[in-house]
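Peer 1: Chain by chain, the residues run as shown.
Protein chains: 2
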Amino acid sequence: MNFLKLSDRDFGETASTDKPKRSSEFSERKLAPADFSGIYSNDLLPASGGEEMTRGFLQELVGILLGFICKSNQRSSKVLDFHHPHQLKEGLEGFSLDLPVQPETLEQLLVDCRDTLKYGVSTGHPRFFNQLSSGLDVIGVAGEWLTSTANTNMFTYEVSPVFLLIEEALLKKMRSIVGWADDEGDGLFCPGGTISNLYSILLARYHFYPEVKTRGMGALPRLAMFTSEHSHYSIKKSAAVLGIGTENVVVVKCDERGKIIPAALETSIATAKEKGLVPFYVNATAGTTVYGAFDPLNAIADICDTHTLWMHVDAAWGGGLLMSDRHRMKLEGIERACSVTWNPHKMMGVPLQCSAILVKKRGLLQECNKLGAQYLFQTDKPYDVSYDTGDKSIQCGRHVDVFKLWLMWKAKGSDGFGSQVNKCLENAEYLYDQLQKRTEFELVFKNKPEHSNVCFWYIPPSLRSLPPGPDRDRRLHQVAPRIKGRMMEKGSVLIGYQPLGTKVNFFRCVFSNPATQQEDIDFLLDEICQLGADL
Amino acid sequence: MNFLKLSDRDFGETASTDKPKRSSEFSERKLAPADFSGIYSNDLLPASGGEEMTRGFLQELVGILLGFICKSNQRSSKVLDFHHPHQLKEGLEGFSLDLPVQPETLEQLLVDCRDTLKYGVSTGHPRFFNQLSSGLDVIGVAGEWLTSTANTNMFTYEVSPVFLLIEEALLKKMRSIVGWADDEGDGLFCPGGTISNLYSILLARYHFYPEVKTRGMGALPRLAMFTSEHSHYSIKKSAAVLGIGTENVVVVKCDERGKIIPAALETSIATAKEKGLVPFYVNATAGTTVYGAFDPLNAIADICDTHTLWMHVDAAWGGGLLMSDRHRMKLEGIERACSVTWNPHKMMGVPLQCSAILVKKRGLLQECNKLGAQYLFQTDKPYDVSYDTGDKSIQCGRHVDVFKLWLMWKAKGSDGFGSQVNKCLENAEYLYDQLQKRTEFELVFKNKPEHSNVCFWYIPPSLRSLPPGPDRDRRLHQVAPRIKGRMMEKGSVLIGYQPLGTKVNFFRCVFSNPATQQEDIDFLLDEICQLGADL
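Which chain is which? The protein sequence lines are E and V, in order.
Numbered continuously in UniProt numbering, the first sequence closes out at residue 535.
Numbered continuously in UniProt numbering, the second sequence closes out at residue 535.
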């Protein structure tokens, strides 16, 4: 037990009083317990008379959460307080992962909550550049708090009337932004972009071969699907899950910028046909994971038309740009897609998870996935059962991922999302400009960023005079991981790195957090230089 | 806009002052804004100086959420305030689903939050019997609030150090409760029991035919899988998704109680083999959806041993009974399973979603699903990358579903979960006893409940003298839907119904909410009698 840290609201490193400190607003609160050290969860609701205790406990928790939110927004605070797995498992400073037989006090639970946040990562910190999803939108968080308090399921209207209507409204809006007609389309919110992409392949297969549902892949010819070498691994993963097989996913070559080469796609399709495979599906990426590249959607759509293939656009990362008048032309042709993946939890800053699969052909989701379980989807209910959308899903229970997005949309308006996206892309341009100016860095490709991804190498002093070649590459490959290691230990900033094709480890910076300012970008570059000066 | 309702904390039907009312504890708070009608989301963090406004807004929201939690626990409040889809879409009392171009005020957002809860369903109400998941555990809700504030992803240790270790600790504990040795097993938390069941089939297929990952189902013989007629529809749905095909799912006969008949399973396997199919997988259910039946696990395990089949136990609903010394013998033989689905969000009362797939063969999840994406799962990271468990998953990003369960486990201890399960099963026995005593009701099967499901017909006065036969059945079939419709309109209680096989619509009552008392069960029966008296 480490009570001392409980209400150390600024999440600083030390606390030295004997009793837990209280935040000013909660110490003034009436009726709240003075401390929770003799109180247990069975003193809370539904215990008779548990109202005040419940109120007091949740307000104390909210104090801790507010402390975390405020700290995440302070540049002087750490992005992470790194510990190795064995350190955390050994019970660092009294933090224990063990699951007890007997209950622990609410005081201990509050300590555990605080410790969980302390040893975690502030993905909302303005200097967290590690993932496509970042930021900590207060309205989005509020939406999630409500969602978890409502604690219901998306399968039927009778238990989720409002959330199902919210899902309908959001999907309709998103489809219209994609550019589909009002009477077209369907969709679902899914647990992540990979599952959304999986849906697209599942639907394409069913569209061409509806017998697959009952008879399985054994009744089908050997299918082939196409995706670029820069596309997300979820396409291959889905092919494995769906029984198509990863070797039937043809990986199409990209140009230097990471965009699929239409002629290469044509050739790949022809080659597959010659081998006796039956092409049925092309995935185009709008915003690749590493380079942020946009595939040429119209050229791909033309090819899909010619060969009668399903065109999917994986806009998990790039979809957010549709909200910006300045950038949406980068997705020109998306309206020709048969299906679209779009993750508002990435570029739109919605808390995890929030991913949509949009489908142009109405009715297909239902036909492909319905089984009509009678205990859930009775047709003799006293309302319009077309709102029982659960049978469209491959899941049964489905988490409510829509409310936070809806609430954020109300809070920002479409225009607000547009400005947010513009700002992230301005940050990317600023970083790109700085990298061009500074001799310690080298760009992975010399084009202005299309999305908010910027890829670059840091060249430490010892490598600057080396000629290009295997020796320099071998040494450069070790630079990013070593800097990242030091960065994690220090906790000042966080950025990802990876190799790609023949290119050795390089940093990928991405912007999706509207809290990030130019000063944070300057800080990032200075920090990399400082951490790597001796390499 | 309907400001009037904003802070009507008791969620009553009327409010009549000009200004929003404030709850007592928040009106005493210093520095909070007096009202939010001129304030927008861009006044909150990360806006400079946005700390106090953020604090004030979230505390106001928490006031609304606390009001909902308290109301959900009041028996005098409605379980639901039913409106048809068209009513809610028409903008009832100012509630608008529309997504605006321009931002709305924080005041309006708070009104929207309140309305969303008002028009929703209180799944935590002690008289909500409609779903296997019910209740509103305050600690679980607290866990979800923290999870959404931490806003991170389960794929790598670098962004989820604590949550990945928590997942490891929970999975280890759950496997030991299932009865597997310490050095056995693996697992993952999944977005719902259907996906957990899908994993079991995916893993079984890969275990016997690892070439399926690259070559697809075309390279495999025609597989057959077996599940009971009372099992969950997710088994068939997964077969469709995975490319196995629903007609290759052999549905095995059950006894009157809903348990699979082992001899029928033997026969089904033999018949499938004769037809040239290759059996590979048997799903046994521990706690069926409607009857709450437990398949005879040891007998099924014997058959699986004989034929070298993968034995999966779908204990999504029944797994919670493993926590109870009194009831865990109902799952005897589960330790012989190759994989187990167990949803703590059902019988253990954890907020949605929380579902685990447990796998006996260590390493299989990783082998089956890994693709080694270099941008995420670098092997040259500065820590033990075996904790980067994301490549075991068919998802990429994965929601943090573990923290709430971990926090609840700390709060209750294993013993507390055991008592909670015992209490729910005592409620089921009480209902069963009452139904036997009361002549207005008829039990669907005359065995003491094994789980908390109790299935029964209400026989309205006009049917009591009718002889059994098609005419009585036809009329009885309409009784439950009509009562359910009236129940929804009135909002006093909620219970599910369905037909099953040759049995016409009957009510299924289930208990998973520890808030439910015997008085609620009496109320349910009286209410059904009252609502159906004229039928």
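Careful: at least some of the hints might be erroneous.
One copy or two, it doesn't matter: identical chains are merged, so the pair holds either way.
Distance condition first, Cα-Cα at most 30 Å in a straight line; then the derived BS3-like pairs of lysine-lysine [said to hold, decoys possible]: (1) K259 - K89; (2) K361 - K503; (3) K448 - K423; (4) K253 - K370; (5) K275 - K118; (6) K71 - K370; (7) K253 - K71; (8) K253 - K490.
Hints in this document: simulated from the structure, not taken from any laboratory.
Peer 1: So, against the hints stated earlier in the document, which numbers end up violated here?
Peer 2: Those not satisfied are hints 1, 2, 5, 6, 7, 8.
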